[in-house]
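J.: Each chain is listed here by its residues.
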Amino acid sequence: SGGAGALAQWVLVELQGEVEPRQSGGLAGSLLGDLHYTCEGVPVLIVGHHILYGKVVQLEKPFAVLVKRGGGPQPSPTGPHGHYTVTALIKTKLLFKTRPKPIITHVPKKV
Amino acid sequence: AMRSRAEVDATLQTAKLNPAELLPAVHCLSFGPQAGGGECCLLQLEPGLCAELEAGHSLIIRGEKDEHAVLCSKDKTYDMKIADTSNMLLFVPGCKTPEQLNTDSASCNIIHSQIAGFSNNYWELRGCRPKLKKLRKLLMEDPYDGPDSQKDQTSTFSKYTTEDLLSLIQASEEEILHQLQVIGACKIEGYWRILDFDYEMKLLNHVTQLIDSESWPLTKVPLCACLEELGSLEPREMIEHILVRYGRKYVDAGEVFFEMREDKICRATAQMLLQNAVKFNLSEFEEVWQQSVPEGMTTRLDQLQGLALVDKSSRPETIFLLKVEDLPEDNQERFNSLFGIREKWTEVDITPYIQDLCAEKQTVGALLTKYARSSMLNGVKVYNSRRPIS
Chain G
1 SGGAGALAQW VLVELQGEVE PRQSGGLAGS LLGDLHYTCE GVPVLIVGHH
51 ILYGKVVQLE KPFAVLVKRG GGPQPSPTGP HGHYTVTALI KTKLLFKTRP
101 KPIITHVPKK V
Chain F
1 AMRSRAEVDA TLQTAKLNPA ELLPAVHCLS FGPQAGGGEC CLLQLEPGLC
51 AELEAGHSLI IRGEKDEHAV LCSKDKTYDM KIADTSNMLL FVPGCKTPEQ
101 LNTDSASCNI IHSQIAGFSN NYWELRGCRP KLKKLRKLLM EDPYDGPDSQ
151 KDQTSTFSKY TTEDLLSLIQ ASEEEILHQL QVIGACKIEG YWRILDFDYE
201 MKLLNHVTQL IDSESWPLTK VPLCACLEEL GSLEPREMIE HILVRYGRKY
251 VDAGEVFFEM REDKICRATA QMLLQNAVKF NLSEFEEVWQ QSVPEGMTTR
301 LDQLQGLALV DKSSRPETIF LLKVEDLPED NQERFNSLFG IREKWTEVDI
351 TPYIQDLCAE KQTVGALLTK YARSSMLNGV KVYNSRRPIS
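Chains G and F, in that order, are what the protein sequence lines are. Read in our numbering, the first sequence has 88 at position 88, and its numbers run on one by one without any break. Read in our numbering, the second sequence has 309 at position 309, and its numbers run on one by one without any break.
No lab work stands behind these hints: they were computed from the structure. Quantities reported herein were computed from a predicted structural model and do not represent experimental measurements. Careful, some of the hints might be misleading.
Simulated crosslink set (EDC-like; lysine to aspartate or glutamate; CA at most 16 Å straight-line) [stated by the list, open to error]:
1) G:K91 / F:E54
2) G:K61 / F:E46
3) G:K91 / F:E39
4) G:K91 / F:E99
5) G:K55 / F:E99
6) G:K61 / F:E124
7) G:K68 / F:E39
So here's chain F without its partners, still in its complex pose (with noise of 0.2 Å):
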């Protein structure tokens, strides 16, 4: 039975508060028939959060059994702790504050008001780096070798479409789109496939043969003849996808061409020639590297920043390929990695390996400051581990 105006006025004198010092209005409030049930949980809110909901966005908890809990939101990922509350904080609807009982004249005296639920705790957000390794590694268990592959035909792998990975990554759909950019990934019937490399080279490889026996200046090679002369090897959206992926795409007079990426290919040559051997004489490596590069581009050592580490201590100097792709995500994992690897690091060499893990504001001295100890060796600052490694 609900309580009456006669009951909390009786309940008020017992307790000697005076109802001229109060407001008129009261709410009593009692456990509602799922309070007890737990299956309400509070999520508290960063900045931006609740405007988003407000807006009708939704907010997705992501994670598979084995993996911690992200919240992701349009274009942001967070992390999921619990924080634990000494008190109890009861979820009442239809509660009106002081304001809105003044304000609203019409309010009626007795306001019955049902917890819905109760708990001591609640989720805690932190924005964190979308993981996203995962992508890649999805997307390497079955790379596209071209049409004429063999393996499609019987190939067993799963194959993923963008509702998939959405499910299985945990990061925002707007995070997950742009790696997959990132990583030259595209869609084929329907699945997203990154590019065996091999075959990856091999479309650029047309591409860049073509352009050198037309004479077509590097920065304006047009789509329409690539397709023209190139649609009878490859795919045309193969050949298109190769030409977006190194270069930079612009509209003059109406014709579509593309100003080709120097940085980008002369990179990719780079990664073609380190993968063949476990490391190089780095100044035969440089001569080969240059004459490999189209006509007209300049390779520079800067362009392998991620990809290849330089060994500047043995004799001769050499180089062998590291790619950060490679390397753990997690913090710790990646820098007992690194000194695995190499004992002192400077701190040129190990920025392009720990740039990514960078949290947002976070710089790349705050990382080494915390992950690494710090000397000096013939008057350069290098870094090692904290730990001794085994």
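Isolated chain G, as found in the complex (with noise of 0.2 Å):
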């Protein structure tokens, strides 16, 4: 359901890949990276060893955020079943896509 007052506006970073906790102990608390913006509004992520650059985008069909009532498996094929509330909308997602540059932190000295 929508539910009493305005609806929060979230936003979505649509990486490539998948994301996997660097230690181990799962994700939970764990750093994913810096979001930066150029002047020009480039958005410019620093994760681990790498930059990826993105773009903003507006999404032409947005997203409500789901969240499960009294938590449970992922929704299945068949459907969803039980009591989902409407958490927030997503409007915008920052996209990137563009192949990650890797951060060189430490070049070899030739002998």
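With the hints as a guide, dock the two chains, each given alone in a separate frame, to form the complex.
T.: Dropping the structure here:
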């Protein structure tokens, strides 16, 4: 359901590939990276040893973020069952599609 | 520990990015405590739904374990399908866009944003026909056949309130309420009931006989007088219900009248006659039918679309009952069923039996192209099944 009060506006960040924790112990609480914008408004994401350049996209079809009441498993193909609440709307995404540029921190000296 | 400005600047330096080319604010993104839980999912919104949500309206997901889920707004129904993306989608609350940062001069230098969740798929919506066949099926479990019915006292069948129907039928509230009106259901003691057909005809006959004996014009049947005269025979709510179902209500000089609907009455009379046998000699049927309707009404075969089918190939021509609401709701099953009844159909004959399958902006022609094969028979275009019928 919608619910009283204005809905929060979130942003979608779209990355290629998968997100994996660097340390064991799962993702919760761990850092992803720093998100900057250039003066021209280009989003720049520094993740680990990579720099990702992206663009701000206004979504033609916005998303609603649904949160399942009472927890439970992911929605299955035959359909989500149970009670869902709309927590937020997403009208904007930051799309990072360009190949990440590695950050070279140590250049071996020529001998 | 949260990142400090010094750490952010150090990273920028290592990355060889020039801070002068960047906006001053940085978002330090980390995964929130619930992020990996999988309790959040994304739903892609069709036009109009976003505005509905922002206006505070609800969207409801409906479907029992054995049904594919649908999403219902106040007045529309949508199929839900999972779309996979090869990318990772992270949902970030409180993340600002460059415009927002620029206009918000007071924004602080570091924004610690927690990623609420992530996914590599989302729900896609596609507008669909509401699944209303179940509504009739539920109400037909226990049709109402009058207050004197022995059945009701001992009935063990479920009776359904509006709330019950909303939770069981995969359609929006408006679509359900509209369909209840279309099938002539009425609320009796808080429960939606469909009338047993014979009882409905009994009620109708009371009214048409009264109209005849009082010599009222069919266009001006007074509500009050009906309730007075017939109130001793049947419940007043039932009399009014039958007038509303088979007439058009209007007010004249403060009094309520009904203009009786010829097409509806003729159609119901035909159903009453046809349900008694497998098929009828067409000309005999037409004669009996005209004699059975109220004086002043004219019967026409086109009043029977979606109710009965004429077989022009038999000698003599015959007519039999075929109700569209008894046919399957699924497109392919509907066509299979129709081609099982008759091998070749003209467009005129088949249209009343497939019209309700048309999605928004879809034509009968488009359906025929998809589910049937056409050919010429005696100079007339006919449609038959795409697959061999067993």
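J.: Take the hints in turn and mark each one as holding or not.
T.: Going through the hints against the structure:
1. With a C-alpha separation of about 12 Å, the suggested pairing of G:K91 with F:E54 holds against the 16 Å cut-off.
2. Straight-line distance between C-alpha atoms of G:K61 and F:E46 comes to about 6 Å, which keeps the hinted pair within the 16 Å bound.
3. A threshold of 16 Å between alpha carbons decides the hint, and for G:K91 with F:E39 the separation of about 20 Å lies outside it, so the pair is violated.
4. For the proposed pair G:K91 and F:E99, the alpha carbon gap of about 14 Å is at most 16 Å, so the pair holds.
5. Among the hinted pairs, G:K55 with F:E99 is consistent with the structure: their alpha-carbon atoms are about 13 Å apart, no more than 16 Å.
6. Taking the CA atoms of G:K61 and F:E124, the gap is about 10 Å. The hint holds against a cut of 16 Å.
7. For the suggested pair G:K68 and F:E39, the alpha carbons sit about 6 Å apart, so the restraint of at most 16 Å is met.
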